[in-house]
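If you read the sequence shown in this note's numbering, its first letter stands for residue 86, the second for the next number, and so on.
The hints are simulated quantities; they were obtained by calculation from the structure and are not laboratory data.
None of the values given here were measured: they were computed from a predicted structure.
Ideal Cβ positions, reconstructed from N, Cα and C, are used throughout, including at glycine.
Some hints could be false.
Cβ-Cβ distance ranges computed for the label pairs, FRET-style [claimed, not checked]:
(1) D105 x S157: 18 to 28 Å
(2) I135 x R111: 15 to 25 Å
(3) I192 x N170: 16 to 26 Å
(4) G193 x G162: 12 to 22 Å
(5) D163 x D105: 28 to 38 Å
(6) F119 x F181: 13 to 23 Å
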Amino acid sequence: MIRAIIAILAGLLLMGDFFDKGRTGRFVEKLRPFDATIGVTAIIFGVLNIFSLLGVLLLLGGLVLGARALASVPNVGDDLVRAGNAVGHFRTLIGFVLLILGALAVIGRIA
Numbered sequence: 086m087i088r089a090i091i092a093i094l095a096g097l098l099l100m101g102d103f104f105d106k107g108r109t110g111r112f113v114e115k116l117r118p119f120d121a122t123i124g125v126t127a128i129i130f131g132v133l134n135i136f137s138l139l140g141v142l143l144l145l146g147g148l149v150l151g152a153r154a155l156a157s158v159p160n161v162g163d164d165l166v167r168a169g170n171a172v173g174h175f176r177t178l179i180g181f182v183l184l185i186l187g188a189l190a191v192i193g194r195i196a
């Protein structure tokens, strides 16, 4: 369940440019200070679930969101930032799929 919530939050942050100043846009703006934290958490859950589609997308979305925080990792920080920047071109697509898969995971748990 926590994996689905992280996927939804990461998806909202990655798709933040599409939301206007409505209720969803204000919610995304309140989430912006936590983008690195959500990104690193998404990476952790992505690594733990690497053999599922949601796990791979969490890993990719986490690389994009947590690029600033990953710069401080010794020896591999620069490589992780480069990977996050390379995947960043697909930010909206990754966010959309994460949002859909996260919502489906929540519905699957509830129903």
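Cross-check of the supplied hints:
| no. | hint | verdict |
| --- | --- | --- |
| 1 | D105 x S157: 18 to 28 Å | violated, 34 Å |
| 2 | I135 x R111: 15 to 25 Å | violated, 34 Å |
| 3 | I192 x N170: 16 to 26 Å | violated, 33 Å |
| 4 | G193 x G162: 12 to 22 Å | violated, 36 Å |
| 5 | D163 x D105: 28 to 38 Å | holds, 36 Å |
| 6 | F119 x F181: 13 to 23 Å | holds, 20 Å |
Violated hints, in rising order: 1, 2, 3, 4; the structure is consistent with all others.
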